[in-house]
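Trainee: Please work from the sequences and hints to get the whole structure.
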Amino acid sequence: MLDPGMHLHHSYADAETHKEHHAVIAFQELSKLVTDYVMGASGSVTPPTTWYMALSTRAVSNYARDSAWNASATGTNITEIGTTTAAGYARQAIAKSINTGSIDWGTSTFDSTLSTGGQSTAADQVTFGAFSGAPSPNGANAFVLAGVSTLQTGPSYFAGDTAATRTFANGDTEKVTATLKAG
Amino acid sequence: MSYYEIITESGTSMVANYESDEEMMGAVKAHHERATKGEAGGPTGHPAERVVRVEKYSDHPANVSEGMSAEVAKKEFAALVDKLAEDGVVSMDQLAFEARLIGSPLVVEREDRQSSIYRAEAEEVFTEGWEN
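For the protein sequence lines, the chains are A and B, in the order given.
All residue numbers for the first sequence refer to my numbering, where the first residue is 1 and numbers rise by one.
All residue numbers for the second sequence refer to my numbering, where the first residue is 184 and numbers rise by one.
Simulated from the structure, these hints should not be mistaken for lab results.
Please note that a few of the clues may not be correct.
Some chain A residues well away from chain B (every beta-carbon gap over 10 Å; in silico) [what the hints assert, rightly or not]:
hint : residue
1    : Gly-82
2    : Ser-112
3    : Thr-167
What follows is a list of derived Cβ distance ranges for each label pair [claimed, not checked]:
hint : chain 1 : residue 1 : chain 2 : residue 2 : range
4    : A       : Gly-75    : B       : Asn-315   : 42 to 52 Å
5    : B       : Val-264   : A       : Asp-124   : 23 to 33 Å
6    : B       : Leu-267   : A       : Pro-48    : 22 to 32 Å
7    : A       : Gly-40    : B       : Ser-241   : 35 to 45 Å
8    : B       : Asp-265   : A       : Ser-72    : 19 to 29 Å
9    : B       : Gly-271   : A       : Val-34    : 33 to 43 Å
10   : A       : Ser-44    : B       : Glu-202   : 31 to 41 Å
11   : B       : Lys-220   : A       : Tyr-37    : 42 to 52 Å
Coverage of chain A stretches by chain B, computed from C-beta distances (three or more under 8 Å per stretch; other residues unrestricted) [as the list claims (entries may be wrong)]:
hint : segment
12   : 41-54
13   : 113-124
14   : 177-183
Using N, Cα and C, we set each Cβ at its ideal position, and we do this for glycine too.
Mentor: Below, the structure written as structure tokens:
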């Protein structure tokens with residue numbers, strides 16, 4: 001069974017807990033895009049040229065809204081797999097477009113439910129791998145949407161837990177489909 | 184370290200980072216073999232996929248400079264205006280949207296299902312070596 005990826009409820013209003021399968025979080029960088037870029041047309045707070053999906057060893061329960069990438073798996077740090085030994089691991093690109101021929105975002109849909117609704121979009125499925133062995137660190141517990149291809153760095157926008165810890169070995173691939181709901 | 188775009192029979196494109204071509208071949212061979220045997224592709228149990236080609240890059244193929252030569256930009260935008268003009272009028276919103284696509288490192292349309300999804304030109308292309 002594929003990991004369902006993230007289904008993130010991003011809202012400024014108080015709302016009942018969305019019926020998520022897994023814990024999710026919207027980081028400060030995503031919120032700033034709304035306040036500074038969308039509302040204020042900021043020239044410095046802008047979306048990245050390309051989105052990148054990354055895998056973290058730490059579950060969302062460890063994070064805070066201002067979590068940052070760090071090799072130390074402590075506090076609220078986001079720690080990426082494969083930073084010591086990649087064994088094939090690399091972040092996967094998602095284009096900043098809708099319904100083109102490559103990997104990007106689907107047509108958004110609307111849920112008018114007052115308390116839990118919003119506008120949702122799902123990214124095309126991305127695939128990690130093929131792994132040539134065990135990456136180090138290994139054991140993915142969350143997916144993170146990032147803004148650069150370099151590991152363990154850059155802005156992070158949202159994250160969601162995997163259904164279970166994913167430990168990779170030679171020949172493995174991993175598929176992730178991210179969905180985002182803005183409500 | 185080099186980056187390799189692995190493309191499967193079904194059109195899946197994934198980017199991997201390996202120390203060498205040999206490491207790449209080992210990983211691709213292991214996954215391809217699972218596909219020929221109908222085995223799972225990874226920890227979630229999804230099916231493995233047969234690999235058809237691998238394209239090699241010195242950097243992540245999506246990691247391109249945001250800049251473009253002025254000459255290329257002039258031609259691209261001139262062609263864009265011609266494409267979008269209706270009765271001599273161009274929608275600025277549509278122009279802005281299409282302009283962002285020009286700068287995207289991922290293609291808008293793939294040549295075919297098994298072609299690269301990246302605009303970057305590969306240094307080397309592999310189409311065999313992982314079959315038994």
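Trainee: Each hint needs a verdict: does it hold in this structure or not?
Mentor: Status of the hints after comparison with the structure:
1. Gly-82: violated (8 Å)
2. Ser-112: holds (26 Å)
3. Thr-167: The claim breaks: Thr-167(A) does not keep its Cβ more than 10 Å from every Cβ of chain B (closest is about 6 Å).
4. Gly-75(A) - Asn-315(B): 42 to 52 Å: holds (48 Å)
5. Val-264(B) - Asp-124(A): 23 to 33 Å: For Val-264(B) and Asp-124(A) the Cβ distance comes to about 30 Å; the hint holds.
6. Leu-267(B) - Pro-48(A): 22 to 32 Å: Holds: the Cβ-Cβ distance is about 26 Å, inside 22 to 32 Å.
7. Gly-40(A) - Ser-241(B): 35 to 45 Å: holds (38 Å)
8. Asp-265(B) - Ser-72(A): 19 to 29 Å: violated (54 Å)
9. Gly-271(B) - Val-34(A): 33 to 43 Å: Given about 36 Å between the Cβ atoms, the range holds.
10. Ser-44(A) - Glu-202(B): 31 to 41 Å: holds (37 Å)
11. Lys-220(B) - Tyr-37(A): 42 to 52 Å: holds (49 Å)
12. 41-54: holds (count 3)
13. 113-124: violated (count 0)
14. 177-183: Answer violated; 0 residues pass the 8 Å Cβ test.
The structure is inconsistent with the numbered hints 1, 3, 8, 13 and 14, although it conforms to all the rest.
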